[in-house]
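Given chain P, work out where chains Z and L should sit, using these hints.
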Amino acid sequence: MTLVLSTEKLATKLEQQLPGSIIKSNKDNLLVNSGFLFNLASFLKTAPGLEFDFLSNITAVDYYDYFEVIYQLTSTKHNHSLVLKAQCYGRDNPVLPSLVSLWRGADFQEREIYDLMGIKFEGHPNLKRIVLWEGFQGHPLRRDYLSW
Amino acid sequence: MEVGPTGRYIYSDVDLDQHEGEIIEALKANSQQPLPDPDHWLQGKPERGIILTSVEAMLNWARRSSLWSVVCFPACCSFEFIATAASRHDISRFGMEIIRASPRQADLMITAGTLTWKMAPSVKRIYDQMAEPKWVIAMGACAISGGVFQASYGVTPGYNHIIPVDVYVPGCPPRPEALLYGINMLQNKIAKAEIIKK
Amino acid sequence: MVIKTEPIILNIGPAHPSTHGVFRMRTTLDGEVIVEMEPIFGYLHRSIEKLAEERTYTGFIPLTDRLDYLAAMSNNLAYCLTVEKLAGIPVPERAEYIRVIIAELQRIASHLIAVGAFLQDCGAFMTPFLYMIREREKILDLFEMVSGQRLTYNYMRFGGLSQDIPEEFLPALRKFVDQMPSYIDEYDQLLAENEILLARTKGIGILSREMALNTSASGPVLRASGVEWDIRHADPYSIYPRFEFEIPTGMVGDCYDRYWIRIQEMRQSVRIIKQAMKQLPPGPVRSTVPWLIHPPVGEAYAHVEAPKGELGFYLVSDNSIAPYRCHIRGPSLINLTALRDMVVGWKIADAIVIFGSIDICMGEVDR
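Protein sequence lines correspond, in order, to chains P, Z and L.
Count the first sequence with this note's numbering and you get residues 1 to 148, in order.
Count the second sequence with this note's numbering and you get residues 1 to 198, in order.
Count the third sequence with this note's numbering and you get residues 1 to 367, in order.
Quick caveat, the hints were computed from the structure, so don't treat them as lab data.
Fair warning: there could be bad hints in the mix.
Claimed, not checked - Covered stretches of chain L (chain Z as the covering partner; in silico rule of three or more C-beta atoms under 8 Å from a C-beta of chain Z):
1. 39-47
2. 50-56
Stated by the list, open to error - Derived BS3-like pairs: lysine-lysine, alpha-carbon spacing no greater than 30 Å straight-line:
3. P:K13 with P:K24
4. L:K4 with P:K77
5. P:K120 with Z:K192
6. L:K85 with P:K45
7. L:K85 with P:K24
8. L:K85 with P:K9
From the three backbone atoms N, C-alpha and C, an ideal C-beta is built for every residue, glycine too.
Just chain P, with the same shape it has in the complex (with noise of 0.2 Å):
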C-alpha cells in the first residue's frame, strides 16, 4: 500500500533545510510558498530517504481570488506518495516555476494548463497552446469564461 507520508514530520524536516518553504501543513497536502518551489521539489527528488523519482499529476483548479497548482509526487522506490501546492495570485498574469528541468513529465501538462487556464510556467522550453489552437481567444477552463 503506498503510504501517504505525514505531513506534519515532514514539514519540520523541510522547514530545516529550507526555511521559508512551508506556508502552510494540511492533513493531506502540504502548501508551498511557489518562490521555493523549484528548490524544494530538486531537495524532495534527490534527498535519501525520499527520493520522489515520480510525478503523476499536475493540477490547477481556479478558485477566483488565486490559482492553486496540486502536484502529486510518487517514490516508486519506497512507496510512499505526497501532495504539494502552489498558489499564485491574480488573474492577468499568474506566474509559477516550471518543473520540466527535474522530471520531463511535467512538460505535456504545464503545457495544458497554461492552455486552458493561463498560469504560464518560467523555464518551459517550450510553452505553448496544446490542445486548442493558436488565435483562440481566452482560456477556457477558468471559472469566468464566457462561450457565448
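Here is chains Z and L on its own, set in the frame of chain P:
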C-alpha cells in the same frame, strides 16, 4: 513565411501554428449555419418520377455496389465502424471492404467521431479531394449534432456545418447493424439518382 | 561526388491510416531518418473537464466512457472510486467482485485491440487484427449481456453497479475463460518467433529506465523498461489484495517488450477472473445512495491501473450537485512525453511501429 537562400520556405513552428490557427478561425466564422442537405432527388419531376433509363440503372447499380470509403476516424464510433468491417458483421458482403486512407479513390466518407473546430479544415480538405460522385454518411450522435458534447467550446455542432451529409445514422455509438442499415439506405438513394442530364 | 541535401519537414498528419485516431507528428527528415519530431494533438479536444462542471456527479459517468473508449469500464471504475473516496460511500462485496471481473475482462479486450493494431502497423495488414476482433466480439457479447451496450457502457455507479449480472452471464464467462488461454497460445505460436516481427521490433525504440520514470510513463510502457510498478500491487484499490497474480516486467524497453507484456497481462487477467469467479458471493450490488449526491467540501485523487497506464481522477467538491473541478490524469497523454526521444534517430517506418507500441487512445490524450 520567409524564403531561404536555396529558394525554399523557412518554417518556424510558431509561424506554422499561427497560420493554421488563422485557417481554423476563418472556417469557424464561415460555418455557423448548417449546409442544406442534398435532397433534391426527393423533389424529382412528377412525370419523370423514378423510372430511369437502363443505362442509368446499370450505372447506379455499379456505383452503389462497391462504395469505397475513406478513413475519417476521429473518435469512438470508429471502433464500431471497424467492428462492422471485421469478421462478425462483414461489410465486404456489400462490396465495401476497401477502406483506404486515400481520398482520391474513395466515393464515400463515413464520418465516425466528434468533429472539433481544430480538425475541421483537415476534414474539409479530405472531402474536397474526393472525386465526384461522392456521398457522406454522418455516423453517430456527435456527427449529427455534436452529441453529448454540444455545449463544448471546441466541438462543431455536426458535420453538416462544413460538408453536405446524405444519410444520418443515430446512436452513440450506433450498432454495426444500424450502420449497415444506414449504408443500405444510402444504396437505395443512389439507386434512384438521375445521372444523365437531358 | 558529394550530393548536397536539405532536411524536409513532413507532416504525418491527423488523418493517417496508422495514427491511432487523430494524432499529428511534424517530423523533420534527413533522407528517411528522423531528426526532430513534434507531436501535435488537440484534434479531439471535447472539453470533458469543463462539461463536468455543469453536469451532476452521476450525470458525468456517461462522459467518462468516452475518454478511453476502448476500455470504458476502467474509466467508469476510476471515477466511481474517486467519488466514493470523496463522499465515503461503502461498496458491497458482490459489487466489488463483479467490478474486478469486469475490469479484467476490459483489460483483455483493450490489449487485444492494442496488439492487433500494433501488428497492423508492423505490416501484417488485417490478419492478426481480425483474429483479435473475433475474441473481442465475445467479450463485447458478455458486456452487452450485462449493460446493454457494446462500447460505452455507463455501468458502474457510486456504491456499486447499476444492475446485477443476469443468469446467463456466468456460464458464458466460464466458457470464454476456458477457451481464452488456448487463443492466446495460438497468437503466441504464430507470432513469438516470427522473423519479421522480431526484425521490426527488437531493439527499436528503446526507452531506458531512468527516462521512463522521469517522463512519468505508466502501465505497460513503464513495466517494459524494467520498473516493476503496477498500481494493483503497489497501491491496491478495491479487493485486489485477495487475488494472486504476477506482474510481467520487461528488460530492455523496446517495442517487442511492450508487445510481449500485453500478451502476458492477458494471461494474468484470465487467472484473476478465474479466482474471482470462484469466490463470488451473493448479495446486493449497490449500497443505498441518494439520487443526487452532495459530497462534503474537499478534494480527492484516486487512480486505477487502466489497460493503458495509470488513470486518475482529481475531484474538488464544494458541496453542490456538480463537481467544482474535475481533472483527468490521462495515461496516454503522459506516455507520449517520451515519444520524441524514442523516435529521433529511427526511420519513418520505425516511428509508426514505436508509436503503435505505446498504445494510445486519443480520447484520453485530448479529453
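Stated coverage of the stretch 39-47 of chain L by chain Z [criterion: 3+ residues, CB within 8 Å]: It holds: at least three residues are needed, and the stretch 39-47 of chain L offers 6 whose Cβ sits within less than 8 Å of chain Z.
Take a quick look at whether K13 (chain P) and K24 (chain P) sit within 30 Å of each other, Cα to Cα. holds, 13 Å
Between the alpha carbons of K4 (chain L) and K77 (chain P), is the straight-line distance 30 Å or under? Roughly 50 Å separates the two Cα atoms, so the pair is violated.
Does K85 (chain L) pair with K9 (chain P) here, judged by a C-alpha cut-off of 30 Å? holds, 25 Å
Chain Z over the stretch 50-56 of chain L, status - at least 3 residues with CB closer than 8 Å: That given contact holds, which follows from 3 residues of the stretch 50-56 of chain L lying within Cβ reach (below 8 Å) of chain Z.
Does K24 (chain P) lie within 30 Å of K85 (chain L) when you go C-alpha to C-alpha? Status holds; Cα separation ~24 Å.
Measure nothing beyond the straight line between the CA atoms of K85 (chain L) and K45 (chain P); if it is 30 Å or shorter, mark the hint as holding. Given that 30 Å is the threshold and the Cα spacing comes to 28 Å, the pair holds.
For the pair supplied as a hint, K120 (chain P) and K192 (chain Z), confirm whether the alpha-carbon distance does not exceed 30 Å. violated, 59 Å
When each numbered hint is compared with the structure, violations occur for hints 4, 5.
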